[in-house]
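Spelled out, the chains give:
There are 4 protein chains.
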Amino acid sequence: MQEIVTLEGHIIDSDLLRRAMSRIVEEGAEFEVQEFRVGRTNEEPSFARLAVRAADPHTLDRVLEALSYLGAVTALGDARFAPAEADGILPDEFYATSNYATYTRVDGQWLEARDQKMDCALVMREGEPRCVKQRLVRAGEAVALRGPGIRLRPPERPRTADGFGFMHHEISAEVNKSLAIRAAAQAMRDTRAEGRRIVLVVGPAVVHSGGDVALERLVRSGWVDAVLTGNAFAVHDLEKALLKTSLGVCQTSGRALEGGSRNHLWTINAINRAGGVVAAVRAGSVPSGVMRALVETGKEFVLAGSIRDDGPLKEVITDVLEAQSAYLEALRGAGMCLMLASTLHGIAVGNLLPASVRTVCVDMSESVPVKLANRGTLHAVGLVTDVGFFLGQLEAELARAS
Amino acid sequence: MQEIVTLEGHIIDSDLLRRAMSRIVEEGAEFEVQEFRVGRTNEEPSFARLAVRAADPHTLDRVLEALSYLGAVTALGDARFAPAEADGILPDEFYATSNYATYTRVDGQWLEARDQKMDCALVMREGEPRCVKQRLVRAGEAVALRGPGIRLRPPERPRTADGFGFMHHEISAEVNKSLAIRAAAQAMRDTRAEGRRIVLVVGPAVVHSGGDVALERLVRSGWVDAVLTGNAFAVHDLEKALLKTSLGVCQTSGRALEGGSRNHLWTINAINRAGGVVAAVRAGSVPSGVMRALVETGKEFVLAGSIRDDGPLKEVITDVLEAQSAYLEALRGAGMCLMLASTLHGIAVGNLLPASVRTVCVDMSESVPVKLANRGTLHAVGLVTDVGFFLGQLEAELARAS
Amino acid sequence: MQEIVTLEGHIIDSDLLRRAMSRIVEEGAEFEVQEFRVGRTNEEPSFARLAVRAADPHTLDRVLEALSYLGAVTALGDARFAPAEADGILPDEFYATSNYATYTRVDGQWLEARDQKMDCALVMREGEPRCVKQRLVRAGEAVALRGPGIRLRPPERPRTADGFGFMHHEISAEVNKSLAIRAAAQAMRDTRAEGRRIVLVVGPAVVHSGGDVALERLVRSGWVDAVLTGNAFAVHDLEKALLKTSLGVCQTSGRALEGGSRNHLWTINAINRAGGVVAAVRAGSVPSGVMRALVETGKEFVLAGSIRDDGPLKEVITDVLEAQSAYLEALRGAGMCLMLASTLHGIAVGNLLPASVRTVCVDMSESVPVKLANRGTLHAVGLVTDVGFFLGQLEAELARAS
Amino acid sequence: MQEIVTLEGHIIDSDLLRRAMSRIVEEGAEFEVQEFRVGRTNEEPSFARLAVRAADPHTLDRVLEALSYLGAVTALGDARFAPAEADGILPDEFYATSNYATYTRVDGQWLEARDQKMDCALVMREGEPRCVKQRLVRAGEAVALRGPGIRLRPPERPRTADGFGFMHHEISAEVNKSLAIRAAAQAMRDTRAEGRRIVLVVGPAVVHSGGDVALERLVRSGWVDAVLTGNAFAVHDLEKALLKTSLGVCQTSGRALEGGSRNHLWTINAINRAGGVVAAVRAGSVPSGVMRALVETGKEFVLAGSIRDDGPLKEVITDVLEAQSAYLEALRGAGMCLMLASTLHGIAVGNLLPASVRTVCVDMSESVPVKLANRGTLHAVGLVTDVGFFLGQLEAELARAS
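Protein chains in written order, with my numbering: chain S, 1 to 402; chain E, 1 to 402; chain H, 1 to 402; chain A, 1 to 402.
Here chain S stands alone, though its shape is the one from the complex (with noise of 0.2 Å):
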């Protein structure tokens, strides 16, 4: 038994083609290449009409539901939708929404989805499609079910040689980080001009290695439009603020003093008596620091609780689940994102980001670079660097242009 499946867009060059021979064969089936036009140029899209064979109906489903995800398709017809059996429970025949601008077919028009993100139900709201986390949707709502009239257009990578496009998605420890930090700076302009927003992850790590300097700076000239994080970035951050002698100690070592996390739940302390972050810059107590310099230019801020936490701040979202969400509000508009030395953080950005944006990942092991790079953009490019010395360059280079 056959199918016929097409694919179109840059289909080489964003290795979508190869993707999809090679899971047809990885799944024990056949294809014959029926119809094949490439892009004559830079410019113009490809196109590939297959006809997939497998011995049995059930293969040949697994092989074209792995494909529907590289943007395949096959026959034409509207979206199938089932209500959901009750609030966060849906059909079990549900589409799973990936990080690629998705299409439905509805009457015969195609929709693109809002919200674009991975991991969610496809759900009929208020006329349009949108990418709705599971635990968001409710009884009776329209979830998109897989099978036909269903869309993807995966990203394309610029055919144009600009720095950042053409990064290679790994920037090993063992190069030169001035030509990517360089990049990297150009694509914040760009992000500027497009009139897109910049977001920040960050981790404790970025105040252990004395980056929290320069990103201080780069918040104050206003580089930064959000800052999503924890609790222990904000604590250290404001620990060095209030306590400066102890953390230089805590520098100097890189280990937990004797009685050196005392400062910790003292700056914790302080800080809630004071009525939290905002209130405790407001009455002038935070004489410096990346989140008193946040307050002060009125930029935005998300602290996520974690298991690990002391404290919290007051700030602080302890649900998981709002926490989730707010980041989710802080990312709407964002055009750029800037992972900094945040495993934990990190990711769960990594989850809520359509492919479009450009991400940057700064880590001194190359393990969340990769598991960022996983996820299917063009876009991300892992430094495995010192964030410290990351960011004071990131910042003269900024300094420097303008």
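It is worth saying that the hints were derived from the structure and are not from the lab.
Wrong hints could be hidden among the right ones.
For identical chains, the list gives no copy identity; a pair is met inside one copy or between any two copies.
Said to hold, decoys possible - With a Cα cut of at most 25 Å, we get these calculated BS3-like pairs of lysine-lysine:
#1 Lys244 - Lys314
#2 Lys314 - Lys117
#3 Lys371 - Lys244
#4 Lys371 - Lys117
Fair warning: this is a prediction, and the values are worked out from it, not measured in the lab.
Mind docking chains E, H and A on chain S? Use the hints.
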């Protein structure tokens, strides 16, 4: 100006004397040893009396406080207390606890603190000193202040050459793990013999690596009293139970397959429709796996939410402070803790355990074991190895012996 | 200005077409697809003819050369040659080989190069093109120049879904290794069935991790034709054989014991006094171990010297160029190569192997497998796992089957 | 049965007493402290006399030998010697040296060993004890045996709180490197002030990361007396000097470009044609780079061969034993050693240095610094960071001060 401090116990082989001397010099102070009696045999404690001198009172205070966290005692006297100013707000001079056994002098009597854990306030509650998380201290409660009347008893390294006590903190990637696994198995038997609990903290890699098969057997043969984990581990385990083939592929490739994460969401949907993990297992719809074994044997499990979660499953505690409290409850009476390929939850639990609990931390990278080892316990062992192989061999070792 | 290039073969699924297009754009040139025929079935090769355009001849040359290493063919014509200026000194325009099968056109005939390996000159010797290391080219020999008349055949990814061919390049730390180990065992059986050799490259961690026991069994049951290693592995293996207790301690602790390295020197001394490894084994003074098994079964081993070596053992080749040549000899006829916890020698061997040899690289960190995978072979698999466990399970897998 | 041992010096703060006690118990023996005088002030040494008891003479011997490597002294008496049996063959009871200063008692006189380094024989040559590599001992020379008459003086941790001496062994990835870099710069100035040499061991990543620019400046401003490296670093540096553009691309992508390694071979060819590095620089054909700076300033460099090498360059010493000897010569008079992103040569040099040389090891992964730290020196600091940034900041720090 000077102050006299005394140190007592196995202060040489627990490395406390050296750390005390180092700290004095690092802080720019000086010491003179006035009296020193070293334990003559393996069994006898040692005793040291040092005069600590510093140029100014500020330095002296800093040194003395640092020494107090190493168990050094200065002037004798009752502990001082002040009331918490409000719910969750401590007096600024509060004493911050460590994970060492702590004694508080009240009316000339040394009382041992209950619920020993680090980074807490020491609060008099129901006539006893207790370690209470900052946020759980209530307005008006008597909070111990730093200064006199608080004494620590750091754990002493056993002077007998048994396997577990004398294993080094870090068992590197290049070492034969058989001896360490044998020692871990023996420590599990010892814990059982003492009537104490064995708690496991597990991450998703336990399933990915194939370690779930051995873990299920360990649960069924009674070696596990509680499993502390998050949404991801539970869903992976259940997905493997419900949708075998797809996971088979995943394990071959180690990559997210196109459309593969739908199975993850489908599993959450199916389990939540049934009313959660316990209900699904009781309804007979989970054919295998660790979660099923936990439910069927009536063992405890706690699923702590994180901002990365999909779903989550019904049993997941989404408020991180509630989850922390639930972890704490599950750790009561623990004599041994195995942390298996879990960064987030492993470190969370490391913060909640007293130093006396035997801890084995298994991970493919050195960073998690190193972070845990820096917490000052002499009973923590880190093994850098493949968790799938570790669990298989541990289970075989325990099965062989019984 | 423009040039016409053609690409032929499985250029989509071997990723060559995408890389060619990317490279053209990255270099600032443009392409137009003039003709494209895709293989209609799994079996048929594809064909592409591109017009490449650049603003200046320098850019065009750079692009064409890059494409030639991807197997692209430009103008048809015989290869050009120039004599080596002196021993080890090539004409500046020399062609540098890759690890792909290479064909040279001489008098209108395509001749396949012998001794295919990367980073060599292509020299006519005895009427045939051969890959010869730069330093071994003799004055006056005809050296092929870059330009026309050289054609590559990159290995094609098998289109059947067998285990080894379709394993992904990197098998991450978090994945169940059982399937990969089963595929590796099957590839060993296939290699045997083809009458080709199985060569192992091993590092000291094979002994430290306890993998030596399984390796000795593999040697004795005939699965190993040659072992390429250095002084350290051999001495560790012999020290374990001669001085068991001391190594027992070492394996417990994973640290250099006080005075422990004396055993290392003592072993070298004892073996060299006996006249070397072979003489010591023949004299019956080595009671166990991998080295003994190699000598007794008459299998080849090559010990390459390094600047870190103590001793070294008599059999160690201290000149690195001689050692390289000895490795090359031992690799002749290899159909499979296992690289086990060996950074230095693993990468050395990776440089000497043609892309067609099945390669499995086992290491606890991702960096060695990643470096090897970047060499462009589709038959290299990296496993991030504990080599001790790996060898145990591989040996069990092979023993079970036979 | 029992034996009396004494330990003297700063045995508490150098951690020797604790390690001695641990080792006794680990080996299954017991101890009793007969006398203990602790240094009363920062300046005074301490003294301990222990009775060590074991059940059998074999255990007692093993304990005593282990203690001797910690500087413990047993029975007083002259050292015993036996002649080397043949060139490179020692008597079985030979004493193996450590990297601590070693004294040998000859005719009632304590003589300090020359050429102190680890894993050597202690040979009387020209009337003095010398540390001689096993293979360089000549037949008939008097080789010291283990037992009485050998005394170590482990380096003592300075009791003043200066930057370098009190830096912790490992400066983790998460720490602000500025303080460590300032301390390293100060140690370089101190070394200069003492009239001792500064030796650098460098790996290829110094070039890849862009650190070569700062390194060239350090050489030209006189901060480097010798560079120990291999073929790869030298070729990369020369290739960057000769063929800029191609390296520019390489640094962007971090990957081997198609045909890119031809430039590597081309560089070797060009340099060797000119007669080697020195000749090429003198002929004016190398426009920039570290190698050029070394030749022009007349500083020493040693290129040690490895089995991975292409070429190699004419100056490369291909025999590893000769290379080892050349490294040793270059290390004479060294007061400080910087090891920069070099695994193979860094560890080789670590084996050749006495413990008294200040050592800074910079690498992106923890494993190299950890291996070096395990060698027992209190003057070794490991920095986990990006070597390119490190060199830039070190050079700026040294330039600022002068």
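Consistency of the hints with the structure:
1. Lys244 - Lys314: Close inside one copy (22 Å), not across copies (44 Å); limit 25 Å.
2. Lys314 - Lys117: So Lys314 and Lys117 pass the 25 Å test across copies only (23 Å; inside, 30 Å).
3. Lys371 - Lys244: between (36 Å within a copy, 24 Å between copies)
4. Lys371 - Lys117: within (17 Å within a copy, 33 Å between copies)
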